[in-house]
Amino acid sequence: MNENPRSFAPVSTAAPGPRHLLWLVLPMIVLIAAVLWLLQVDPLRGFSNGAPPVENLAVERTVLDEGGLRLQLRAGGSEPMTIAQVQVDAAYWQFRQEPSGPISRGETAWMAIPFPWVLGEAHKVTFVTNTGATFDHEIPVAVPTPKVSGSGLVSQAILGAFVGILPVAIGLLCYPALRGAGRNTMAFLLAMTVGLLAFLLVDTIIEALDFASQSAAVFQGSVMVVLIAAVSFLALVAIGRRRGSPTGLALATYIAIGIGLHNFGEGLAIGAAFAAGAAGLGTFLVLGFTLHNITEGIGIAVPILNIRPKVVHFLGLALLAGGPAVFGIWLGSLAVAPHWTAIALAIGAGAIAQVIVEVTALVARGHEGRGDYTQILNPAAYGGIVAGLALMYATAMLVKI
Amino acid sequence: MGANMLRWAQAALSRRSLLLGGGAATIGATTICSSKTVAQEGHGNHVIAAEAQSAAAAPTHQSAHGAMITVGTVDNERNGFDPTRLLTDWHTGTLTDLPDGRKLRTFEITAEDKEIEIAPGVMFPAWTYNGRVPGPALRATEGERLRIVFRNYGSHPHSMHFHGIHSARMDGVPGAGVIAPGDEFVYEFDAKPFGCHLYHCHSLPLARHLHKGMYGLFVIDPDPERHPDHVNVAKSRLYGSPENAEWQEIAMIMNAFDTNFDGENEFYACNTIAHCYAKEPIRIEKGRPVRIYLVNVTEFDPINSFHLHGNFFDYFDQGTTLTPTLRMVDLIMQCQAQRGILEFTYRNHEAGHYMFHAHQSEFTELGWMGMFDVVETLS
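Protein sequence lines, in the order shown, are assigned to chains A and B. Position one of the first sequence corresponds to residue 0 (numbering that gives the first Met the number 0), numbered consecutively onward. Position one of the second sequence corresponds to residue 0 (numbering that gives the first Met the number 0), numbered consecutively onward.
Rather than coming from a laboratory, the hints here were simulated on the basis of the structure. Check the hints yourself; a few may be wrong.
The following label-pair restraints were derived from C-beta to C-beta distances [unchecked claim]:
| no. | chain 1 | residue 1 | chain 2 | residue 2 | range |
| --- | --- | --- | --- | --- | --- |
| 1 | A | Glu-78 | B | Asn-243 | 47 to 53 Å |
| 2 | A | Trp-109 | B | Gly-239 | 54 to 60 Å |
| 3 | A | Ser-99 | B | Val-148 | 44 to 50 Å |
| 4 | B | His-308 | A | Lys-146 | 40 to 46 Å |
For glycine and all other residues, C-beta sits at the position ideal for the given N, C-alpha and C.
Next comes chain A alone, as it looks inside the complex (with noise of 0.2 Å):
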């Protein structure tokens, strides 16, 4: 019996050449028909019942400044859709559109609006197409959107370098304190690590999962987070384990990336936050983020605490960890549209998600030397992952609004 699969005859035991290429002329044909026909005789049209067609509209971009207000709208209608009238506030407004006419599916307009707009208030804009069909856009604070200006990017770099840069340079410089670390010590600090990230991967997850759903249906945000965060694990794990698996820098590289790949997310989101209108961020406030992000670079120093790194390397790390959130500020505070800030944690979840399994292997490892999974759950490394948990959480309430 030829139950094992192994042992099936190959399909055809002729190499394949270029001839057997020709056989996709046919599927196409077949395609090609199809689609002629079905324009043609058009045999669906007993489903069409009078009922007008399916619009859906999303605002990509919202850009206030001194002409009023801008916003990128993506369609994603069963048709071309058709923007016929503008309300703001309950007011209908003359709009340009760029580029005119309708919109098709999947494709962005700009729409200008003369709106003199509140500094500080609450704005509503309505989008009404030629089937009478609404759609709202809130504007919950009028705030100039933040242009690219030299006191802008410093004050905004000084943010990112305060909430991304500082508490990882922080949290390395336990680095010293920590060499000395026993067995037990080293095994329950790993498994903080763990817990630690654990905590950024469950948040950075229900983030992405949040501005996906903000974005356009075109783009079936929550299959295309999810989707982009395997890719991203896979591709990293697949790019650490070309020489075995990661340790020491290598390792502490890898965090290192994973923590500032959703940095760079975080501070996108940030960013946008403040573009639609958040401000007056208290002193309190950042230093709250501050002390809540150390833990993550004593996450990074971990795995280099049994080699000699040089101060560059800290350096470099603590860049590479926390770099990410300034340029993701700066990127963010020009609006940028919601699936790429969802992109962009879903790359770093995958990276999260590939540091956290190092991380773990190296737990493993640290048993009888070889991967013993069994043996991972030890008090210490159970005890370090809770702490780790425990140590974000707790953090996180300093910060909770």
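Fit chain B to the supplied structure of chain A, relying on the hints for placement.
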């Protein structure tokens, strides 16, 4: 950094108090907005509005509402009715003599489904009388016998329910004149009382049949012989008399459309087309008095109103009196199906554009505003 920072930032979006705490994002905002405040003080002189208008070289009357207006024009030809023509388009039917010496006035009305453009580019699946919204403005004289031949060419049961004095059989409610598609019904009653009335479909559900466009003016002019104390006033109200010809009479129906069927109106108007009289002002000769027959059929909002700029008017609630029920007002309210007659003159005014609109700002800004273009009377 955690997502908490983001959540904090998002929470702050709805909290103005936090915003006022200042911060990086407010940099530069003050200058922008202070200049806007200045611009807002002179109504119609928004800096940005002026920019938007200069390119299009908009007519002067449009500068009064700046950039706050619907964009484009409605294809009146496709609709089959022109809002400016609706103002003076009275339907008097056909007049014949009855054996007893009275007059019989006959109207023919059909119900039709019709897609109409209620604002530039916005189509609405309307139910109409004679293919127009509002339906024909019927006009008769007190004491006549009226016969209305109603045919339903629509897809739903419809009726004509007249506000007037008539028998229960002629009321146009279910069981008494609501007819199925393809059927015909003849409403017959005497024209009384004189006044400014309306008719509308009384099929169920009522709100849907009304707001889809089934309504119209129904004016009964007073018979001067029956009002010896106010002969001249009655004569001036009697359509076709020399005294009446002196007046500039206007038919206006305040209506609105819920284009997404969520129970709230997206467009408000006077005579259906949002902003129609803002874009094409109503020409008024300043030497001749103005009389408006005004009806409110706005669905979903309990009241509507009419406010006249730079002038005051006398008001005859429901038009059933020959002396004003309100004197010297510049604003009246009407609940659903309320109506009345407004009389005023621009005789002693400068020529120019005089605005009128609902004084619910929301209605105004969603389309219910217009202009009188008051011009010197040509002799």
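Going through the hints against the structure:
1. The beta-carbon spacing between Glu-78 (chain A) and Asn-243 (chain B), approximately 52 Å, falls within the hinted interval of 47 to 53 Å.
2. Separated by about 56 Å at the C-beta atoms, Trp-109 (chain A) and Gly-239 (chain B) satisfy the suggested range of 54 to 60 Å.
3. At roughly 47 Å, the beta-carbon separation of Ser-99 (chain A) and Val-148 (chain B) lies within the given 44 to 50 Å, and the hint holds.
4. Taken as a hint, the range 40 to 46 Å holds for the pair His-308 (chain B) and Lys-146 (chain A), whose Cβ atoms sit roughly 41 Å apart.
No hint from the list above goes unmet by this structure.
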